[in-house]
Amino acid sequence: MELPIPNNVTKLWDAWQLRACIIFSLFLQAFLTCFAPCRQRCQSRFLIFFLWSAYLLADWVAAVAIGLITQSQTDLCEGNGSSGDDLFAFWASLLLLHLGGPDSITSFALEDNEFWLRHLFGLVLQVLGAAYSVYLTLPSNKLWLPTLLVFVVGVIKYGERTRALYLASSNRFGATILPKPDPGPDYEEVAAGTYVEIPAPRDRLDVHDLDFYMDLVPDSVVDENKLLQLAYPFYESFKGIFVGLTPSVECRVSTRNTLMKLHDTVIFVVIGHELGFLYEALHTKVAVIRRKFSFVVRFICSSFIVVSSALLFFSVKKSSNKFDIGLTYALLIGAMVLDYVSFIQLISSDWPVAALKGIDCLRKIFPAVTCHPRQRWSESMSQYDLISYCLKDDERPVWLYKLADFLHAREILNKIQILLFSSSVNVTLEKVTLILDWLREKFPTELPVNSEARPIRRRRYSTGVFTSEYLRAYKKKELSFRIYREPLLGFESRETEWAELFLRTHLVIEMFFFLTFKKGDERLLKAIMNLKHLSNYAFSLILTQPGMISSMLGDAWNEIFRDTCDELKRFFLENKIADYYEACKKLLQKYCSYSEHPSALAVTRSGSKSVLADACEEAVSLFDDVGAEESLRDFVILFLLRASRSCTPMVHAEQLSKGGEFLTFIWLLQTHFGIIPGAQDIVAGVRRRD
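Start counting the sequence shown at 1; every next residue gets the next number (full-length UniProt numbering).
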């Protein structure tokens, strides 16, 4: 049974489906080229959604267009070609450029890199399809030379994308970190007592002009390229941690000693540059086209496109379809413009400045591009707190949530609510300084770097011994405040303790902020505001991205969070509270009165996992303590450090394509201080053979 579609509509669709696909494909390429770099430093869910849609459609539309071309040529082929068939073959070659994709996005997520073999298979099929389209027009194809030039460029572009996916796959990306195979000492050399030394490629961090960076102060005006050249050795030494590998002990120690000498401003920028290097290596073609030879190939490809445009101009017949000719010129102009934009994006990326020795000539030509400072990640933190979360409960449409419960989609609505009512703040230098000062306080001295020769049997797997042994010296320095009583970094803390302690401390900071605001202490209010931002960020992560912290909190979090929320919602409903400051005031008044009636407080706590009463009582008692601010700071920083290590390195790497997370920044920062629990230790160094 055929659908009752009018013949006019059918004819219109048959005539325009191919051209519509080609125009749409060109639009998708332009959209991805212009907006794909924005996801590196933007956390907008709408932008990510549109980029995801365009990324999926781009491959599908271009492949469908090639299929339509070969189908139309096969149906109309009568043994001799025509000018229309010649243009069709030329379009098929141009569509290979679209399948190659922009340089600014090769994969949308890390999982796409693992499908490099599927893209290789698609490369073979689409190249064969385009070649078959050209074959059908032979030997009478008058556009064979421009078609051949564009065909070669398309194959190169598609091959670059496939190779970029292969290099960014987890197996290949990790293999580049491993040391070269070592068969061991030769028996004759051992018998003769010969000593053979093999230098360590990355046993120690090699930073040139370290004295220059040590002298930098916050107000210094620094060349952006200098900071990139400082960040590149850090990236090369630590990129393996994203696939579960860790540098040698010597490299970690030398890196930590280097950071101890740098100013917080320099460290903040350098860690951001490292995240930028990793993003470009995983999701762009930079890893393929950053070599000098690739610049030559890129110049040849651009020349081929220009030459093919000139040849097409002199070869095409004036009697041909004017729209098809105009569309062909639009495709060529689009290819040249997008190629030029991609070249600008390439030379303005971090890799050429850090990796190519001949970049000075490019800097003279494009000084404004290569030296312009820009963000390498979003540098923002999402903000949400428990009190605001419970206050918004009254604004929810009851019928919608009943329907969500029936469809088991309550979590989806909760995430939408958080995205609508949450906010974000910038990651300022003050917040990074809080963490750096804490790390320097707990690791105050430099460690000696052992550069002596070691036996070859030294190679082993690391189980975090370096970190554990070093921290064991500080085990006696326990945090003495009421909220947290575990040893430093809390390696033995249970999930129940982390869940209860964090939620209680989160509420304490909210109450503490209200009391400080009421008191009017400017200095203390500024310090508590930074802690509030960090605490709200951790709470927002737990709700929006539980995969990053859920393994640390465990199942205990759900029960504690649910009971505390229910108690807060009941209290707000009974007292008709809709304002944040009024909520804090009423909570402190109610639960502080329990201190005069201990029996009532005991009844409140019995059977429930809610931490609301304990948090209010703790906030009032801590407000009069001199060291309360420091105690709260220690726990918040401790929680973020521990939370950043609770998720796998690949989870951190996944955040880079979504703007990046401050938790990933914290994780990378502490790895530079040597805090890397259980991963394979690459021990490459000077080996003594005897």
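Everything labelled a hint here was simulated from the structure, so no lab data went into it.
For glycine and all other residues, C-beta sits at the position ideal for the given N, C-alpha and C.
It cannot be assumed that every hint is accurate.
As the list claims (entries may be wrong) - Lysine-lysine pairs mimicking DSSO-like chemistry, simulated, CA-CA at most 27 Å apart: (1) Lys-569 with Lys-415; (2) Lys-415 with Lys-518; (3) Lys-518 with Lys-569.
What the hints assert, rightly or not - Just the calculated beta-carbon pair ranges, DEER-fashion: (4) Asp-624 with Leu-47: 41 to 49 Å; (5) Ala-310 with Ile-344: 17 to 25 Å; (6) Gly-67 with Gly-174: 35 to 43 Å; (7) Phe-406 with Phe-323: 50 to 58 Å.
Evaluation of the provided hints:
As the CA atoms of Lys-569 and Lys-415 are separated by approximately 18 Å, the hinted pair is consistent with the 27 Å bound. For the hint pairing Lys-415 with Lys-518, the CA-to-CA distance comes to about 32 Å; that exceeds 27 Å, so the pair is violated. This hinted pair checks out: Lys-518 and Lys-569 have alpha carbons roughly 24 Å apart, not beyond 27 Å. The supplied range of 41 to 49 Å is met by Asp-624 and Leu-47, whose beta-carbon atoms lie about 47 Å from each other.
Separation of Ala-310 from Ile-344 is about 23 Å and conforms to the stated range, judged on CB atoms against 17 to 25 Å. Evaluation of the 35 to 43 Å hint for Gly-67 and Gly-174 yields a pass: the beta carbon distance comes to about 37 Å. Distance hint check: the CB atoms of Phe-406 and Phe-323 are about 53 Å apart, consistent with the given range 50 to 58 Å.
The structure does not agree with numbered hint 2 stated previously, though it agrees with all others.
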